[in-house]
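> One letter stands for each residue in the lines below.
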Amino acid sequence: MKKEYLKIDDINGPLIQIDGVDDVFYGEVVDIKEKASGQMRKGKVIKIDGETVTIQVFQSTSGLSSNNAKTTFTGEAMEIPVSEEMLGRVFNGIGEPIDNGGEIYSEDTRNINGMPINPMSRQYPRNFIQTGISSIDVLTTLIRGQKLPIFSGNGLSHNELAAQIVRQAKITGEGEDFAIVFCAIGVKHDDEKFFRKTFEDAGVMDHVVMYVNYADDPVAERTTAPRAALTTAEYLAFDKGMNVLVVMSDITAYAEALREISSAREEVPSRKGYPGYMYSDLASLYERAGMLKDKKGSITFLPILTMPNDDITHPIPDLTGFITEGQVVLGRDLEQRSIYPPIDILPSLSRLMKDGIGEGYTREDHQDLANQLFAAYSRVQEVRDLSQIMGEDDLSETDKSYMKFGREFEKRFLNQEFDENRTIEESLDLGWELLSILPVTELDRLSPKLIDKYLPKTVYGTGDLRADLKKAQETMDEEVKDVKKGDKKLEKAEKDAPNIEYEVS
Amino acid sequence: MNGAHRKQDIPEAVVIPETENAAKAETSAEEKPYVSDKLETAPDGEMVPAGKTEAKDEEETLTPDEVLTKKDLKREKAEKAKRVNGVITGINGPVVTGTGMANFKMREMVMVGDKKLIGEVIILDGDIGTIQVYEETEGLRTGEPILSTGNPLSVKLGPGMLKNMFDGIQRPLAKIKEKSPIFIPEGIGLMSLDEETEWETHIKVKVGDKLTPGQIYATVPETLMVEHKLMVPPDVSGEVIEAEADGKYNIEHTVVKIKDQDGNIKELKLYQEWPIRTPRPSAMRLEPTKPLITGQRIIDTFFPIAKGGTAAIPGGFGTGKTMTQHQLAKWSDADIIIYIGCGERGNEMTEVIEDFPKLIDPRSGKSIMERTVMIANTSNMPVAAREASIYTGITMAEYFRDMGYDVAIMADSTSRWAEALREISGRLEEMPAEEGYPAYLSSRIAEFYERGGAVKSLSGEDGSISIIGAVSPAGGDFSEPVTENTKRFVNTFLGLDKNLAYARHYPAINWLSSYSGYMKTLGEWYEDNVAEDAVDLRNKMLDLLFQESKLQEMVMLIGEEALPDDQRWVIDISKLLRVGFLQQNAFDKEDTYVPMEKQYKMLKLIDHLYEKGLEGLKKGIPTSVMKNPEIENDIIKMKYTIPNKDLSGIDKIQDRIDRFFDDLNRKYSS
Ligand SMILES: Nc1ncnc2c1ncn2[C@@H]1O[C@H](COP(=O)(O)OP(=O)(O)OP(=O)(O)O)[C@@H](O)[C@H]1O
Ligand SMILES: [Mg+2]
Chain A
2 MKKEYLKIDD INGPLIQIDG VDDVFYGEVV DIKEKASGQM RKGKVIKIDG ETVTIQVFQS
62 TSGLSSNNAK TTFTGEAMEI PVSEEMLGRV FNGIGEPIDN GGEIYSEDTR NINGMPINPM
122 SRQYPRNFIQ TGISSIDVLT TLIRGQKLPI FSGNGLSHNE LAAQIVRQAK ITGEGEDFAI
182 VFCAIGVKHD DEKFFRKTFE DAGVMDHVVM YVNYADDPVA ERTTAPRAAL TTAEYLAFDK
242 GMNVLVVMSD ITAYAEALRE ISSAREEVPS RKGYPGYMYS DLASLYERAG MLKDKKGSIT
302 FLPILTMPND DITHPIPDLT GFITEGQVVL GRDLEQRSIY PPIDILPSLS RLMKDGIGEG
362 YTREDHQDLA NQLFAAYSRV QEVRDLSQIM GEDDLSETDK SYMKFGREFE KRFLNQEFDE
422 NRTIEESLDL GWELLSILPV TELDRLSPKL IDKYLPKTVY GTGDLRADLK KAQETMDEEV
482 KDVKKGDKKL EKAEKDAPNI EYEVS
Chain B
-9 MNGAHRKQDI PEAVVIPETE NAAKAETSAE EKPYVSDKLE TAPDGEMVPA GKTEAKDEEE
51 TLTPDEVLTK KDLKREKAEK AKRVNGVITG INGPVVTGTG MANFKMREMV MVGDKKLIGE
111 VIILDGDIGT IQVYEETEGL RTGEPILSTG NPLSVKLGPG MLKNMFDGIQ RPLAKIKEKS
171 PIFIPEGIGL MSLDEETEWE THIKVKVGDK LTPGQIYATV PETLMVEHKL MVPPDVSGEV
231 IEAEADGKYN IEHTVVKIKD QDGNIKELKL YQEWPIRTPR PSAMRLEPTK PLITGQRIID
291 TFFPIAKGGT AAIPGGFGTG KTMTQHQLAK WSDADIIIYI GCGERGNEMT EVIEDFPKLI
351 DPRSGKSIME RTVMIANTSN MPVAAREASI YTGITMAEYF RDMGYDVAIM ADSTSRWAEA
411 LREISGRLEE MPAEEGYPAY LSSRIAEFYE RGGAVKSLSG EDGSISIIGA VSPAGGDFSE
471 PVTENTKRFV NTFLGLDKNL AYARHYPAIN WLSSYSGYMK TLGEWYEDNV AEDAVDLRNK
531 MLDLLFQESK LQEMVMLIGE EALPDDQRWV IDISKLLRVG FLQQNAFDKE DTYVPMEKQY
591 KMLKLIDHLY EKGLEGLKKG IPTSVMKNPE IENDIIKMKY TIPNKDLSGI DKIQDRIDRF
651 FDDLNRKYSS
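Chains as they are written, first to last, in this note's numbering: chain A, 2 to 506; chain B, -9 to 660.
FYI, nobody ran anything at the bench for these hints, they're computed from the structure. Be aware that a few hints might be false.
Claimed, not checked - Below, a list of computed lysine to aspartate or glutamate pairs in the EDC-like style, where the Cα atoms sit at most 20 Å apart:
id: 1; chain 1: A; residue 1: Lys450; chain 2: B; residue 2: Asp581
id: 2; chain 1: A; residue 1: Lys401; chain 2: B; residue 2: Asp562
id: 3; chain 1: B; residue 1: Lys488; chain 2: A; residue 2: Glu383
id: 4; chain 1: B; residue 1: Lys565; chain 2: B; residue 2: Asp555
id: 5; chain 1: A; residue 1: Lys454; chain 2: B; residue 2: Glu620
id: 6; chain 1: A; residue 1: Lys355; chain 2: B; residue 2: Glu580
id: 7; chain 1: A; residue 1: Lys294; chain 2: B; residue 2: Glu168
id: 8; chain 1: B; residue 1: Lys540; chain 2: A; residue 2: Glu383
id: 9; chain 1: A; residue 1: Lys454; chain 2: A; residue 2: Glu365
Starting from the given sequences, assemble the full structure and let the hints guide the process.
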């Protein structure tokens, strides 16, 4: 029998407290019905102390008073029904349909909190996902089953980047099914529209499940929305064998909701007022990504967060970085210089790329090339600092070449069109081409073998591709009598400097 | 099953730590009934759906003996319900409070609620007890029972730990997977070492032998690499009155019986139990005199960890703590590795399971898995078990140490453990000290690291535990409480640097801020085993790096070109040190592990070039001329090009240097 209580003893932000309650369980869902209006709210038991029960209410508590509502303990945990019918549908933060498509009927219900995956059941993710974005594919490679957040800042183009990934990423292998779970947490209506349009334009809307909590929706629902979304993702991935991409924005709004609830509970705060358990709490979301040994599907997780004040040491990005398998960091400086996507590669990292790239996955030179590009670009930052003081003209020749490399790298490698989809080979070759700007002695992360094989300048050793080509032409002119030989040279030149578009002046 | 709740199966020999010991002896008779009760309700840790326990038990066919005990139990159960079961009165995350707990003991393991979640009593105040629960508490109700087990949270120590992965309270994850294929549900009950496996056992004692604490009574070749030695528990001794012949036995089999001074009979099986929060005793502490060779240049050469030493690896996210810990777990010359994934990523543990079996230990030629025990309590697993995982790990380490092994234990990350303390402390509404951490943070950290060390064991064997703890400071700021407190209790400090990591200088261990307090005590070892001048060379090169960092500040103001030649030479050589020596590629077959001899020769070669240059400078040869890109390239690449097995290539580079400088000298003297 369900028990009803007519009195609320304390209301404090999203929390209410009821005394004299017995026989409820920790985590039990409650229905709170405002007597006059009939308005329903949902909540969950988050603390039991003798007969006093603390309930977190998922909707706003404004309007509730100590005796204008009836609280019913439902005897159920926070569960949602799951089924493939959810594809193409839109839900609110507590998993209720909001698209007029009717209820989801399913025998199969799941507790939205999920359960920890046994590490023995996991499969270590190793499959490269090509996103068509050079800076991601080469330097912070996305792996199927990875949790890779985008660390952004207010007003930076994280939405565009996420949309481009959604459109271009090849998350499935041959003949496999895919789904996208999109979870909006405290976002503006515009942002949600932007994503919806992206999915529509890409023609994938019927593969998408959306959970939406707008900026003006109840704060407490922000803590359930991502859990409902991930529960759905788990179902689609591990029950239905789909490769699922989960995009979630904005984790910052989630963490703020957590802080609000924690402070209402008068808990001892940790850094910047965020609760001491925020690490574990975030982990209970992020760790739901992955792949399993005995199952087909996968959950690849792209959470987006905006760093308050662009500060990467703020607890939200900080704790996230400690849990996720790397991060893609956007830089305001790049954005201001109109570089899209404005990925600041130095603090960016993909921890799983080491096992998902190289021979048999992408190309043998990938790891070393990436290391060299990182090392060189990091040197660029130092040289730029130096040039600030001394002026570029007074730099050494080597340092000048770094300045040039830095500019070209940003203009041609980082920067690309919103709809430009580069193959991994194109991106890798572009990396090599840019490295040829530097003296070969600076390439200390690359083996002589790789340099021989991939560095464009090795054809004629001029250090500049155009000059190389010119020299090739000259050589051929000299040998013009021996046409066959000339052809061979040309062939070799083309083979050694592949996939790069150039004009011979 | 994990000890305590199966009282009748526990060998009498099981030792309860000093403090609890006396109390234990007095109460054990009256404890028996409730303890036995656990056997009935959760046979062999099998998952028993809540509420269905009774029914299930009725259906089982029982032997006459069992029927008897069952009857007894029924009767006593009714009585006991009044006597010792507590009742849940409050639930707040992993913290549960109960009443009716006057007869419970502090730090006792308990079963909470109908699902029999495993918990530990952490506060007793008259009738009211507070319990930290090692499993998810959602679904618990007030009014549900709290069952006493009478014993402290313990681990079973015996064959079956190696090559295995356990959760924070020693439940094997493979067995959990058999019961629940993907996720770890709550209420799966207790389980620990496998009871089925029959181990080849060699009995080392015979009837009439007098056994003392710590003495080895049998050995089991547990894996290809490790001989498991069964030791008389620390406070047991007596004369052997029965001993099995060599043979194959499971861990529950009594292989030796002894009679102590007072005529009590003690049964020795293939395992013993030990409460995780109590350090295992040893005969005496020894000073560490040997380094833990890790094959990582910056550690072995510059900031060594002693066998029996303590080290901390602090660093912001993504700076390389886990990579470094994995490298140490893979390549250290320890006999036993205990790897604790404490509140970190599930995939990192999966990686260990997938990769370690394939890696070959350079010394024994066997798979490194053969000597490894893994404990995984990932970030999404219950936070209280995270707190316990550290103790479970160190207790296992002490047990192997007592056999005379050199054990290395990696805890990744101790910060997550500290945070678990903080979270539980917060739920208890304790007065917080710094950043919400409890005031006892520092003493807990100290106690943990103090369980490391080199010792003479009770049986007279030399063993050691080296502890290497990762620390994850919030915001990468080393002035936070966990890093600060850890620094006080460890001797090797390997500080990871964000900027090095950004530049992909790996391992990103900052050579300016790191230190090793073992350099002095280990000096002799290096001089005897590596080279007469090993320590001097190390100091000299470290000094160069210090000079360089000062010079780099100047460079940022005036540019490198403006520096005098001798200073530019320091900068040039330091670059070779950084790129050629300090940077080490964990993903390269050759470079991932480098023997001491090669480390020394590499460093010596760089020194050789440095010295040649100094001579050159005296003769007025400009640095720009002495800089030879080909030689530099040879030095930078020697980690890849010169195989660990054949170091003759280093001599060739040295010849090349000599020839180059001979040429220069000729040019400049004429
Ligand atoms: N010695 C190394 N050799 C090569 N790569 C390394 C090395 N150390 C770290 N890395 C690179 O840095 C990445 C992050 O390292 P790691 O996972 O060890 O960081 P961490 O300090 O444990 O971070 P967190 O605190 O978030 O767990 C690795 O995935 C790898 O790409
Ligand atoms: Mg780590």
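> Decide, hint by hint, whether the structure agrees.
Okay, the hints, checked on the actual structure:
1. A:Lys450 to B:Asp581: The hint holds at about 17 Å.
2. A:Lys401 to B:Asp562: holds (19 Å)
3. B:Lys488 to A:Glu383: OK: Lys488 (chain B) and Glu383 (chain A) at ~15 Å, within 20 Å.
4. B:Lys565 to B:Asp555: holds (15 Å)
5. A:Lys454 to B:Glu620: holds (19 Å)
6. A:Lys355 to B:Glu580: holds (17 Å)
7. A:Lys294 to B:Glu168: holds (13 Å)
8. B:Lys540 to A:Glu383: holds (16 Å)
9. A:Lys454 to A:Glu365: Cα-Cα ~11 Å, so holds.
Consistency note: the structure conflicts with none of the earlier hints.
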